[in-house]
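Fit chain B to the supplied structure of chain A, relying on the hints for placement.
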Amino acid sequence: MSTTEKAPAPVTGRGPGGSGGALRKPRRRITDENGRRMPVWEVVLRYGLLLAVLALMIGPFLWQLSTSLKGPHEDLFSSPPKFLPSDPTFHNYERVADTIPVWDYALNSLKVAAANVVTNCVGAALAGYALARLRYRGRKAATLVFILAMLVPVEGIIIAQFTTMRELNLNNTLIGVLLPGCVSALNVLLMRNAFLNVPYEIEEAAFVDGANVWQRFTRIALPAVKGTLAVVAIFAFMGAWDDFLWPLIVLSDPERFTLTIGLNYLHGTFANDERLVAAGTVIAVLPLIVLFACLQRYFFRGVGEGAVKG
Amino acid sequence: MKTRTADRIKIRRQLPTSPWLFAAPGLAIVAVFILYPFVSTLNNSFTDKRTLIPGEYVGLANFRELLHDDMFWIGLRNSTLYVLVVVPALVLLPLLLAMLVQKHIPGITFFRSAFYTPVVASIVVVGLIWVWMLDERGLVNAVLEAVGVGKVGFLSDQWLLLFSAMAVTVWKGLGYYMIIYLAALANVPRELHEAAAVDGAGAVRRFFSVTVPAVRSTMVLVGALSSVAAFKVFSEVYLMAGPTGGPAGEDTTLVMLVQRTGTGLTGRVGYASAISVVVFVVTVALMLLVLRADRKEDA
Chain A
874 MSTTEKAPAP VTGRGPGGSG GALRKPRRRI TDENGRRMPV WEVVLRYGLL LAVLALMIGP
934 FLWQLSTSLK GPHEDLFSSP PKFLPSDPTF HNYERVADTI PVWDYALNSL KVAAANVVTN
994 CVGAALAGYA LARLRYRGRK AATLVFILAM LVPVEGIIIA QFTTMRELNL NNTLIGVLLP
1054 GCVSALNVLL MRNAFLNVPY EIEEAAFVDG ANVWQRFTRI ALPAVKGTLA VVAIFAFMGA
1114 WDDFLWPLIV LSDPERFTLT IGLNYLHGTF ANDERLVAAG TVIAVLPLIV LFACLQRYFF
1174 RGVGEGAVKG
Chain B
5 MKTRTADRIK IRRQLPTSPW LFAAPGLAIV AVFILYPFVS TLNNSFTDKR TLIPGEYVGL
65 ANFRELLHDD MFWIGLRNST LYVLVVVPAL VLLPLLLAML VQKHIPGITF FRSAFYTPVV
125 ASIVVVGLIW VWMLDERGLV NAVLEAVGVG KVGFLSDQWL LLFSAMAVTV WKGLGYYMII
185 YLAALANVPR ELHEAAAVDG AGAVRRFFSV TVPAVRSTMV LVGALSSVAA FKVFSEVYLM
245 AGPTGGPAGE DTTLVMLVQR TGTGLTGRVG YASAISVVVF VVTVALMLLV LRADRKEDA
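Protein chains in written order, with the numbering used here: chain A, 874 to 1183; chain B, 5 to 303.
Calculated from the structure, these hints are not laboratory results. Backbone N, C-alpha and C fix where the C-beta goes; we use that ideal spot for every residue, glycine too. Incorrect hints may appear among the rest.
[Stated by the list, open to error] Result set (DMTMM-like, lysine to aspartate or glutamate): computed pairs, CA atoms no more than 25 Å apart in a straight line:
#1 A/Lys1099 - A/Glu1074
#2 A/Lys984 - A/Glu1128
#3 A/Lys1099 - A/Asp971
#4 B/Lys107 - B/Glu198
#5 A/Lys1013 - A/Asp948
#6 A/Lys955 - B/Glu149
#7 A/Lys955 - A/Glu967
#8 A/Lys984 - A/Glu1040
#9 A/Lys1099 - A/Asp1082
#10 A/Lys984 - A/Asp971
#11 A/Lys984 - A/Asp1082
#12 B/Lys107 - A/Glu1178
#13 A/Lys1013 - A/Glu1077
#14 A/Lys955 - B/Asp139
#15 A/Lys955 - A/Asp1082
#16 B/Lys155 - B/Glu140
#17 A/Lys1013 - A/Glu1178
#18 A/Lys984 - A/Glu967
#19 B/Lys107 - A/Glu915
#20 B/Lys107 - B/Asp203
#21 B/Lys155 - A/Glu947
#22 B/Lys155 - A/Asp1146
#23 A/Lys955 - B/Glu140
#24 B/Lys155 - A/Asp948
[Stated by the list, open to error] Among chain A residues calculated to face chain B with C-beta under 8 Å, some are:
#25 Arg919
#26 Phe934
#27 Gln1034
#28 Val1061
#29 Asn1066
#30 Glu1178
Pulled out of the complex, with its shape left as it was, chain A reads as follows (with noise of 0.2 Å):
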């Protein structure tokens, strides 16, 4: 994955590497792989349909803000449409707030979400230790556990999940709402790759220095897979905050729904305000984006090491 991200060291001339380069000169020169001048007609093409590609993935969201924004006064569907609002207020997300309690749905969410990154953090990373580290009758057997678990489609057995959360008396609850997914099996796999990438040889050094099996796992194993634990943590985080089939079949008071599931409820009983259901869907979404602005590079690494396992 971050081959494709990082600039390659500047070359001169033909080669690989050439378009890097040519970014780092004072007078910007767009060239091509093989470090020639791309053609202007070449450079006004990518970039023109970059701009429309552009247009279509994040126009919807900015559509969605700019309604969000618009005054009870201001016309929704006038013709043309109006894109900024002419007259831009925070009044319909304290409407949201009055209509349904959006914070609490917020922090059930975020709830959630910290205690699935804690869980998914912990428990995979012991698990994938395990399996990839110690030596132990059963190994082979509870690896293929987690590979049987991982093959398992989440859609097809959530009735019987629910089943079992009734059996355990924790529908309804965001308990339940967490278990299913607190350890995933891919993340476990992920891990147990992560640290079968880790030389052997630095641990065995720590063992001749009298270090158990915790010192070993704690001061040396974990900190080599820093970058796969930050993948997990944030798909983690990212999976439950998006989730919504779970929730909505576990849930069924609105005192303690998650913010997918308060929203499809907003939306299922005010369809028809949109100012309503946008500053709604801003709320919800506008946490992951920050979140994914600021650590893009792991999103991009995890969509290259869950495709792989995946």
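Then chain B, alone, in the frame of chain A:
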């Protein structure tokens, strides 16, 4: 070398219970909340269990009922259509997008991130954004009217609804698969393109004779991932067509049917489990099909 082997043996002997202590939390969660529900889904599919009634063994009665259940066939049809439309789009479009953002031209990191944004958003947010975009009085229809096409009932017609949901699935997935392809494209030897260009191959020709063969294994991976996901579609259709699946339930997908049948106080757990079993079987079949298609092309 010898001492190292000796150390390994000692490591192995130390604290025989600790490996299980490390693995236990993960194993417990996966066993109780994934594997046990999986087995009990299989088991329940042969019973008439309901939410509040344990139920009895009924053999294949649920599966026989499926054959005569119109809603089941509607669900199977829609989920299958979803695979047929969404998968080719998600195999091809993100590849083109990846080629567009591959070159390190100024500002390209911004474009890459922007194209990934829909992946980060919750499917609920994405669904509601497009419900508003495609509304009868929404932005898309305003534009269509302005250019003289006139209004289109994206969210009222049974088929337009389904295709709109498919378009939303593709829109949300583009950035994800783009990143996967970007990594694959980075590994395509530049010399191949240069050689083909010297031989006089145009851009289109180079795409089919150089790029596609070079990223073929990635295309298979994307095909497998997206077909399994497409068959299990739930949220997009649920949000855009409503919980009952559009006009007369004609837009219901299989997973929507599982959710509708199996939940609530009168939920038919046994029957919903039988539908789930169909979902399992088709999912596994899709994976095998894609992988086999891959092997055939190899030969």
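Quick rundown of the hints versus the structure:
A hinted pair counts as satisfied when its Cα atoms are at most 25 Å apart, and A/Lys1099 with A/Glu1074 qualifies at roughly 19 Å. Between A/Lys984 and A/Glu1128, the direct Cα distance comes to roughly 14 Å. Compliance with the 25 Å bound is thereby established for this hinted pair. Pair hint A/Lys1099 plus A/Asp971 does not hold up; C-alpha atoms about 42 Å apart against a cutoff of 25 Å. The straight-line distance between the Cα atoms of B/Lys107 and B/Glu198 is roughly 15 Å, inside the 25 Å bound, and the hint therefore holds.
Restraint check for A/Lys1013 and A/Asp948: not satisfied, since their Cα atoms lie roughly 64 Å apart, outside the 25 Å limit. For the given pair, A/Lys955 sits about 15 Å from B/Glu149 by alpha-carbon distance, which is consistent with the 25 Å threshold. Of the supplied pair hints, the one linking A/Lys955 and A/Glu967 holds, its CA atoms being roughly 23 Å apart against a limit of 25 Å. Restraint check for A/Lys984 and A/Glu1040: the C-alpha separation of about 23 Å stays at or below 25 Å, so the hint holds.
Of the supplied pair hints, the one linking A/Lys1099 and A/Asp1082 holds, its CA atoms being roughly 24 Å apart against a limit of 25 Å. Between A/Lys984 and A/Asp971, the direct Cα distance comes to roughly 22 Å. Compliance with the 25 Å bound is thereby established for this hinted pair. With a C-alpha separation of about 41 Å, the suggested pair A/Lys984 and A/Asp1082 falls outside the 25 Å cut-off, and the hint is violated. Of the supplied pair hints, the one linking B/Lys107 and A/Glu1178 holds, its CA atoms being roughly 23 Å apart against a limit of 25 Å.
Restraint check for A/Lys1013 and A/Glu1077: the C-alpha separation of about 22 Å stays at or below 25 Å, so the hint holds. Between A/Lys955 and B/Asp139 the CA atoms are separated by roughly 16 Å; this keeps the pair inside 25 Å, and the hint holds. Distance check on the hinted pair: A/Lys955 and A/Asp1082 sit about 70 Å apart at the alpha-carbon level, beyond 25 Å; violated. Between the alpha carbons of B/Lys155 and B/Glu140 the distance comes to roughly 7 Å, so the proposed pair stays at or under 25 Å and holds.
Restraint check for A/Lys1013 and A/Glu1178: satisfied, since their Cα atoms lie roughly 22 Å apart, inside the 25 Å limit. Between A/Lys984 and A/Glu967, the direct Cα distance comes to roughly 23 Å. Compliance with the 25 Å bound is thereby established for this hinted pair. For the hint pairing B/Lys107 with A/Glu915, the CA-to-CA distance comes to about 12 Å; that is within 25 Å, so the pair holds. Proposed proximity of B/Lys107 and B/Asp203 is supported: the alpha carbons are some 22 Å apart, at most 25 Å.
A hinted pair counts as satisfied when its Cα atoms are at most 25 Å apart, and B/Lys155 with A/Glu947 qualifies at roughly 22 Å. Our distance criterion of 25 Å between C-alpha atoms is met by B/Lys155 and A/Asp1146, whose separation comes to about 21 Å. Pair hint A/Lys955 plus B/Glu140 holds up; C-alpha atoms about 17 Å apart against a cutoff of 25 Å. Pair hint B/Lys155 plus A/Asp948 holds up; C-alpha atoms about 19 Å apart against a cutoff of 25 Å.
Interface restraint check: A/Arg919 against chain B, minimum CB-CB distance 7 Å, threshold 8 Å, status holds. Because the smallest distance between the Cβ of A/Phe934 and any Cβ of chain B comes to about 7 Å, under 8 Å, the interface hint for this residue holds. Proximity of A/Gln1034 to chain B holds as hinted, the smallest CB-CB distance being about 5 Å (cut-off 8 Å). Because the closest C-beta pair between A/Val1061 and chain B is about 5 Å apart, less than 8 Å, the hint holds.
The criterion of a C-beta within 8 Å of any C-beta in chain B is not met by A/Asn1066, whose closest approach is roughly 15 Å, and the hint is violated. At its closest, the beta carbon of A/Glu1178 sits 10 Å from a beta carbon of chain B; the interface hint therefore is violated under the 8 Å criterion.
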